[in-house]
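Asks: These are the residues of each chain, in order.
Protein chains: 2
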Amino acid sequence: MQTSQAETPSPADKKSKAKRPIIDCDIHQISGLEEIKPYLPRHYREMVEAYGPAYPGGMHFNGGVGGRMADAYPEEGGRAGSDLALMQRQHLDRYNVAYGILTGEGYGMQATINYDYAAATCSAINDYTIEHWLSRDSRLRGSVMIPKQEPRLAAKEIDRVGGRADMVQVIVCNGATLPYGNRYYDPIYEACVRHNLPFTIHVGLEGEGINSPPTGAGYVTNYIETRCARPSTMAAHLASFIFEGTFERFPTLRVVLQEAGVLWLAPLLWKMDQEWKGLRVQTPWVRKRPSEYFREHVRVTTQPIDETPNRALFDALLDSIHADETLMYCSDYPHWDYDSPKQALPRLADALADRVYYDNAAELYGLPTREKEAKG
Amino acid sequence: MQTSQAETPSPADKKSKAKRPIIDCDIHQISGLEEIKPYLPRHYREMVEAYGPAYPGGMHFNGGVGGRMADAYPEEGGRAGSDLALMQRQHLDRYNVAYGILTGEGYGMQATINYDYAAATCSAINDYTIEHWLSRDSRLRGSVMIPKQEPRLAAKEIDRVGGRADMVQVIVCNGATLPYGNRYYDPIYEACVRHNLPFTIHVGLEGEGINSPPTGAGYVTNYIETRCARPSTMAAHLASFIFEGTFERFPTLRVVLQEAGVLWLAPLLWKMDQEWKGLRVQTPWVRKRPSEYFREHVRVTTQPIDETPNRALFDALLDSIHADETLMYCSDYPHWDYDSPKQALPRLADALADRVYYDNAAELYGLPTREKEAKG
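Residue numbers (the numbering used here), protein chains in the order written: chain A, 63 to 438; chain B, 63 to 438.
Hints are not guaranteed to be accurate.
It does not matter which identical chain is meant; a pair holds if it fits inside one copy or across any two.
[To be verified] Cut-off 25 Å, straight-line C-alpha distance, at most; resulting in silico cross-link-like pairs (SDA-like, lysine to any residue): (1) 339 <-> 399; (2) 339 <-> 133; (3) 339 <-> 281; (4) 81 <-> 131; (5) 404 <-> 310; (6) 339 <-> 283; (7) 350 <-> 80; (8) 350 <-> 155; (9) 218 <-> 152; (10) 404 <-> 145; (11) 404 <-> 255; (12) 404 <-> 415; (13) 218 <-> 374; (14) 339 <-> 112; (15) 339 <-> 106; (16) 339 <-> 408; (17) 218 <-> 346.
Hints listed in this document are in silico derivations from the structure and should not be mistaken for laboratory results.
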């Protein structure tokens, strides 16, 4: 209990204190990262300095400098990704980026049980993005951040800002309490379809807050395990969309899988097709081979692209996922494992490069064609 | 509350009852599957008849006939897998199986919080297996079932029966509360190494009982989603063994991955090697490339083998996982998706077939060489 101000002891109090000594069993001294850093072993001090505090704000250390490219921090100070001019110089202008889809950061509100605060935070992010970014560079497009854990509030937010021409997709984190194909989320897809917006799943927040533990085997110990598990959670969402019949219920819905890699999709598509042969009687609403739903409804972004033992295998697996229709370039700027267009992929044949670096995204997001853009 | 016997109403009671009518708000009528079946829609009646009750005893429908091959049920009645003579006729004799590793079934005790009952059940299974199976056919070898959720009790069970020559591995289900590389399980690996027993992870019990939800996105709706998610949970265990440094702490430990497919391992190994390059400073105890630990410490069984769009891709991916050293044939008899040695794989080159169908397992389990066995 608290009193509103410190009491001045009276002589009588003094006497009574002396008579009745007190033991208090719960007094909080501060013991934050700054205080305890000198007491940590050196390698953890170094990791905290390099990667940030790990927690709170996340469960694991990240990579790079606080999870960002070292050179993405503005020279005059401030956080990476906070300075439009630097982003233009370092990325948009430098690499002739005709359009850039902003995906924001810090999806933590998508993992809180406080639905209303989550919704308010999403609205604030969307308003800030419109005012501070979309209005200042005509190449930029926005993603509607939604409180995905409460689908009706999420649909309201999509209706609120999703009709704008400069908002081109809805975005959620990979971590979830239920896979995204679950009918629980249907109000979100009704709104996506209403506004013709793709639904984009971006890695992050796996196992945090109210989201399910990050793997089918529970919580993992190291950041690298989280990274290796992200394709698995993405795979659960994809299987859910297909086997729950979400694409049958919403025939125009498009889904984007972001930042969980690419090549793991090939064995998953084979497995889904194979299992479907033996078990399709249990899900009669799934009317096509799972890989056909993928090809028609799902798009995948490049970063971080997988490395293979040889180029032939890389090409064969890209072919297996119909990369010419499904793969879209992305940089992940300004995060530490940023891929410039020059580093993102091994050299592709011109026709495939056109699809991956421009056409697939232009078609999905309704942007001008490459030909029109080149003419300027 | 209960009284030990029904009370005979006295005239006084009768009067008081009439005065004070009673409402009881919780009386349980029986409403089991047999009672409600006529009230279920026809397709669910058919599914229950084909696949079994789905729950209790599991969360999902299975395949085949109650999860088993239709022709594995003994003609004289009884359950599939219950009749040694039928197993011999149908599988062991027919396909010249020199050694068969029994893996049991019903790993449900590995998902209960009642540690002591779990341990007692495991002991009972092991004793039954020794008495009823291993002693009756010299080709058979057993797996030590353990209460994996309480590692010290598990180690006791390994010490109790794991020294026997006819017990050749320790076995656990894929579903878990923590990934198996977590140091929490170290007492189990100390016991495995003490008795030179591989640690085998067999699919099952994902998301059931105290095990973590079956995907990083929570619970899935359909059985086929569970099957598609099993590689993911297996992947989490594998990453955990490698990045927790379990193989550094237990240099002679061998791990077997069972019934989650095979080819998904290739992209995972590439990803682990790739991520390790950028993040190895965070796990300095991981001294080799992750794929090297896999090759040295991990073995994988064939069933259910993945199908690829073409043979070249199949061979390239087998090559990527060093199948000549890591892949071992298994049938999954008498489960519904059983693979006889003739169906298990596309035709392999003789040298590779020798490794996959015999040598890799003989070396792992310390069985006589193929040459010795052929001389007989």
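Asks: List in ascending order the numbers of the hints, as given earlier, that are violated by the structure.
Replies: The structure conflicts with hints 4, 5, 7, 8, 9, 11, 13 and 17, although it agrees with all the remaining ones.
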